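Each protein sequence line maps, in turn, to chains A and B.
Residue numbers for the first sequence follow our numbering, beginning at 1 and rising by one.
Residue numbers for the second sequence follow our numbering, beginning at 1 and rising by one.
Hints were generated in silico from the structure; no laboratory data involved.
No experiment lies behind these values; they were computed from the predicted model shown.
Any given hint could turn out to be false.
[To be verified] In silico lysine to aspartate or glutamate, DMTMM-like type, Cα no more than 25 Å apart, as pairs: (1) B:17 / A:208; (2) B:17 / A:174; (3) A:108 / A:87; (4) A:108 / A:42; (5) B:17 / A:161; (6) B:17 / A:159; (7) B:17 / A:34; (8) B:17 / B:6; (9) B:17 / A:185; (10) B:17 / A:152.
[To be verified] One side only, chain B facing chain A, incomplete, derived with CB under 7 Å: (11) 10; (12) 18; (13) 19; (14) 46; (15) 112; (16) 115; (17) 138.
For glycine and all other residues, C-beta sits at the position ideal for the given N, C-alpha and C.
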Amino acid sequence: MLTKRIIACMDVRDGQVVKGVQFQQLRHAGDPAELAQRYNVEGIDEVVVLDITATLESRQALARTINAVARRIFLPLTVGGGIRSEDDAAAAVNAGADKVSLNTAALKRPDLITTLARRYGSQAVIVAIDAKRRDSGFAVYVRSGTADAARDAVEWAREAESRGAGEILLTSMDRDGTRSGFDCEMTAAVSEAVNIPVIASGGAGGLEHFADVFTRGHADAALAASIFHYADTSVAELKHYLRDRHIPVRL
Amino acid sequence: MIALIDYGAGNLTSVRKALTFLGAEFGTPQSPAECARYRALIVPGVGHFAATSALVGTWRDTIGAAARAGTPLFGICLGMQWLFDGSDEAGDVPGLGVLPGRVTRLQGLPEQGLKIPHVGWNALQNPDGPGPSLAPFTGRLLAGLPSGAHVYFTHSYAAAVTPACVAATTHVDPFSAVVEHGNVFGVQFHPEKSGEAGLQIIRNFLEVARQC
Numbered sequence: 001m002l003t004k005r006i007i008a009c010m011d012v013r014d015g016q017v018v019k020g021v022q023f024q025q026l027r028h029a030g031d032p033a034e035l036a037q038r039y040n041v042e043g044i045d046e047v048v049v050l051d052i053t054a055t056l057e058s059r060q061a062l063a064r065t066i067n068a069v070a071r072r073i074f075l076p077l078t079v080g081g082g083i084r085s086e087d088d089a090a091a092a093v094n095a096g097a098d099k100v101s102l103n104t105a106a107l108k109r110p111d112l113i114t115t116l117a118r119r120y121g122s123q124a125v126i127v128a129i130d131a132k133r134r135d136s137g138f139a140v141y142v143r144s145g146t147a148d149a150a151r152d153a154v155e156w157a158r159e160a161e162s163r164g165a166g167e168i169l170l171t172s173m174d175r176d177g178t179r180s181g182f183d184c185e186m187t188a189a190v191s192e193a194v195n196i197p198v199i200a201s202g203g204a205g206g207l208e209h210f211a212d213v214f215t216r217g218h219a220d221a222a223l224a225a226s227i228f229h230y231a232d233t234s235v236a237e238l239k240h241y242l243r244d245r246h247i248p249v250r251l
Numbered sequence: 001m002i003a004l005i006d007y008g009a010g011n012l013t014s015v016r017k018a019l020t021f022l023g024a025e026f027g028t029p030q031s032p033a034e035c036a037r038y039r040a041l042i043v044p045g046v047g048h049f050a051a052t053s054a055l056v057g058t059w060r061d062t063i064g065a066a067a068r069a070g071t072p073l074f075g076i077c078l079g080m081q082w083l084f085d086g087s088d089e090a091g092d093v094p095g096l097g098v099l100p101g102r103v104t105r106l107q108g109l110p111e112q113g114l115k116i117p118h119v120g121w122n123a124l125q126n127p128d129g130p131g132p133s134l135a136p137f138t139g140r141l142l143a144g145l146p147s148g149a150h151v152y153f154t155h156s157y158a159a160a161v162t163p164a165c166v167a168a169t170t171h172v173d174p175f176s177a178v179v180e181h182g183n184v185f186g187v188q189f190h191p192e193k194s195g196e197a198g199l200q201i202i203r204n205f206l207e208v209a210r211q212c
């Protein structure tokens, strides 16, 4: 039976993991390869590396980061943040990324989805959607959530699928950083509208939030960042919790 | 020395990194004639079956002859599908035909959350008996692997459970996840992305190649 995936996201700047994190147990605080290795031992299903600066200098550091992670852990590895062109995607893939995540660039140039899907296969192309609730539906935001794209998340997810996206990474901007739980209604609305897997993101705080998004939210996978950085919620603990609630996971 | 066949179907970086991690010596033959210098062949690949049309002709003849002569051959994902007679995904492109059968599209069941493509970690089970079970695996490729081990899939097409199948996976219906017939091996998933279980499978193939 296909299991629900637990994905760890690492926000990276100049080759170092950032975000309020406690790294006491790591030799080099903030080293992405070392953190990924810890997640791997704990049973993470996938890793996402997000370049949060996406400047030219950080791009070169990013390639080294991807290479360092991909040399040591043999799990699906996604790279996102500032992938604007076929060349950006090629640099990530050549460094060892299995998938690239497109956000602003996909809305600006939807044909980039198709171009990359033709070159690397749909399985390598994730379209990331940052969305906020509004009176009716869910509004898509771009440029790290600062600009209203004047699109509806459900409709944009459908278009992304038809253009060749292999997965949707859906982040609730209302919930992101609040630790108050995933937006299950929004996740369910997108998940039911497309046939490709939907990864829920934004709001993970407790173990019950993951159970919620897999049941009520119909998510295929759930992504979190800071919750896994803290030693008090390990991936292994989360997976045992889910299994006890009859949610299929890889243990 | 292992030959990694690069026919432009997707990115081989991950497979290269896994082989390097395991200490394997490998190279990428630039022409079919160079294949004779290698003791085993790996055909990787992701994407559309039509991409294997790059192998039609001398490559296909050479790899087919090597396999029939006993050279260990390992197909990964699209590379495994290519071992069969052909695929419904690209009906006019012939497969290698060293395993009988055709690759067909998976059926989804969206109302139960079983989508196509089949993406994620799923279990390997023994295909013998009335249905897939947790009985121990047979064959060389799965040596040391517990039945029920999870591996990472991403595909929309698969081969049915045939006599060559040594592990099946169920996504609505069971399909061939691992095939083994003499010196011919194939996996529908990505062992280079399947954690320790995947590395063990690659290690097992390297051992087959070493003993050959």
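Checklist entry - Which earlier hints turn out false for this structure, listed by number in ascending order? => result Hints 1, 2, 4, 5, 6, 9, 10, 13, 15 and 17 are the ones this structure does not satisfy, whereas the remaining hints hold.
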